[in-house]
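Going down the list, the sequences are from chains A and E. Using our numbering, you'd call the opening residue of the first sequence number 284 and step up by one each time. Using our numbering, you'd call the opening residue of the second sequence number 292 and step up by one each time.
By construction, these hints were calculated from the structure, which means they are not laboratory data. Since this is a predicted model, take the numbers as computed values, not measurements. There may be inaccurate statements among the hints.
[As the list claims (entries may be wrong)] In silico DSSO-like cross-links for lysine-lysine, where the CA-CA straight-line distance does not exceed 30 Å: (1) K356/A - K338/A; (2) K389/E - K390/A; (3) K390/E - K390/A; (4) K338/A - K371/A; (5) K337/E - K357/E; (6) K390/E - K356/A; (7) K390/A - K356/A; (8) K390/A - K338/A.
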Amino acid sequence: MSTASANRFVYVTYIRTTPQQLWAALTSADFTRQYWMGMRVEAEWRPGGSWRLLKPDGTLADAGEIIECEPGKRLVIRWRHEMTPELKAEGWSQCTMDLEPVGNAVKLTVTHRMEREGGRFIAAVAGGWPQVLSNLKSLLETGSTLLPTRY
Amino acid sequence: MADDALFRALADVSRRRLLDRLHVRNGQTLVELCEGLRMTRQAVTKHLAVLHAANLVTWQRVGRTKRHYLNPVPLHEIAERWIRKFERRRLSALSALKKHLEGDNR
């Protein structure tokens, strides 16, 4: 009972933005590279479409398939690591991003889970999310890339 | 202010202990979190509500159980907001000192 729960991580951040802006930030390669350790996301944004995360030099880091895609609301990705053979061998994980407007902000909940127990991939990816989300928040709230500066 | 709620939530040893317990094992139920603690279940529930309000703990239903998850994102945000800023200042002070000292030798 307890081991299954260790294969799931739930991260929440409140970002002062609109669901549309946040969705654009999550699904645009030019945007992801600014907050996601230089990674570029490429996907066919529809259920069944392919999904890929590329390193700055173009190496394929992670790949998978879009399971659910509701712009501004919900994105579910079937996700597998592709670079390190041991981590790739651990198989598939599932990442769900839920966007929910709360006052003048959007609550973003990222749930990343894996069926397999005791995996190293899920631990690694879980370690990276807080930094990525914190960068995303500060970029959307204070960055001038998409939004006018608010301060 | 979200920051006030966050610092208030952290300013309590029982709540920090609950965060530590979730760090060791994420996704525990209330019953699991209460095990071995000298606190009533009501007290733990109250502390979890404060941690939840500060966005340090989140919960999800998994099957028929309600599981609690440590949410470290706000801690990264205050690290960005407070710690890095002071590091930068210290680093620039050091580099100014270095320039000054090296400048004297030339």
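Problem - Violations among the numbered hints, reported as their numbers in ascending order - result: 2, 3 and 6
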